[in-house]
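Could you put together the complete structure from these sequences and hints?
Number of protein chains: 2
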Amino acid sequence: METAFQDQYPDDYAHCFGCGRLNPQGFHLKSYWDGEESVCRHTPDGKYTGGYPGYLYGGLIASLIDCHSAGTAAAAKAREAGQPISRFVTASLKVDYHAPTPVNVELEIRGRVLEIKGRKVIIEARVIAAGTTCATGAVVLVQLPEQK
Amino acid sequence: METAFQDQYPDDYAHCFGCGRLNPQGFHLKSYWDGEESVCRHTPDGKYTGGYPGYLYGGLIASLIDCHSAGTAAAAKAREAGQPISRFVTASLKVDYHAPTPVNVELEIRGRVLEIKGRKVIIEARVIAAGTTCATGAVVLVQLPEQK
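Quick mapping for you: the protein sequence lines, in order, are chains A and B.
Under my numbering, think of the first position of the first sequence as 232, with each following residue one higher.
Under my numbering, think of the first position of the second sequence as 232, with each following residue one higher.
One or more hints might be untrue.
As the list makes no split between identical chains, a pair holds if one copy fits it or if it spans any two.
The calculated lysine to any residue pairs, modelled on SDA-like cross-linking and capped at a C-alpha distance of 25 angstroms, are [what the hints assert, rightly or not]:
#1 LYS351 - GLN256
#2 LYS348 - GLY285
#3 LYS278 - VAL320
#4 LYS278 - ASP242
#5 LYS351 - TYR283
#6 LYS261 - GLU346
#7 LYS261 - GLU311
Don't read these hints as lab results, they were simulated from the structure.
Laid out in structure tokens, this is it:
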């Protein structure tokens, strides 16, 4: 059984509402390698609707892209450096919304590493519902300078 | 007493988890004009921590910028056209994270209209905690083609 990227974060940095295993009320997003891409699956609860019922609100789409990209950056850097997973934070996040994203449907968030340069990693991501790419993202992440 | 932008959305489009008055479980974000800028105030609950406790997770920062910008776009277009507020959706969202954003502290989200061109409006926004700008955003929003 593979261990999710987020389940390898140091304890002090594992409290994120989106993906921290130590946040009892959070989403507990889990990301894994799938060949050269990374993948995360999440079914948003119906309460997270956007303005019109049945479709996910934009903020949560951004959250899914952000947390999955941070995990992918950490895993990619760890793989390159041959070291345990450390924690990355987001410097910038760009999301393009292409189509309404349903709630109560399993979403697939897929990530790809565009660049690793020192402590900076750039990830591109997409959110897919039943084969349709609903949103795409580009995320710049930076490795935290020190960790307890 | 001024009516918030979001409280003027048509009922069918007022279900957003971030800012819909008809979503019983949402944040009910409220945005208003403050001179030429718009402003929204929100105190994030402590459970919405990022990886490290005490700081807000990036996804919620994106959500605040997104909902406040959508409201500001709707209000700006309504003011220009001399019509009631309609509903805008996000085409793209860019957030730059400058400093950790605290939870359990009242945040001020301020918006400014950069462009109104037909059905498209561009808003820039910033998230301020106790005088420090923690994040900035640029959001492209599009007026929905038809509303019931």
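How the hints compare with the structure:
no., hint, result
1, LYS351 - GLN256, "neither (30 angstroms within a copy, 37 angstroms between copies)"
2, LYS348 - GLY285, "neither (40 angstroms within a copy, 29 angstroms between copies)"
3, LYS278 - VAL320, "between (27 angstroms within a copy, 18 angstroms between copies)"
4, LYS278 - ASP242, "between (30 angstroms within a copy, 16 angstroms between copies)"
5, LYS351 - TYR283, "between (37 angstroms within a copy, 19 angstroms between copies)"
6, LYS261 - GLU346, "within (22 angstroms within a copy, 39 angstroms between copies)"
7, LYS261 - GLU311, "within (21 angstroms within a copy, 45 angstroms between copies)"
When held up to the earlier numbered hints, the structure conflicts with 1 and 2 and fits the remainder.
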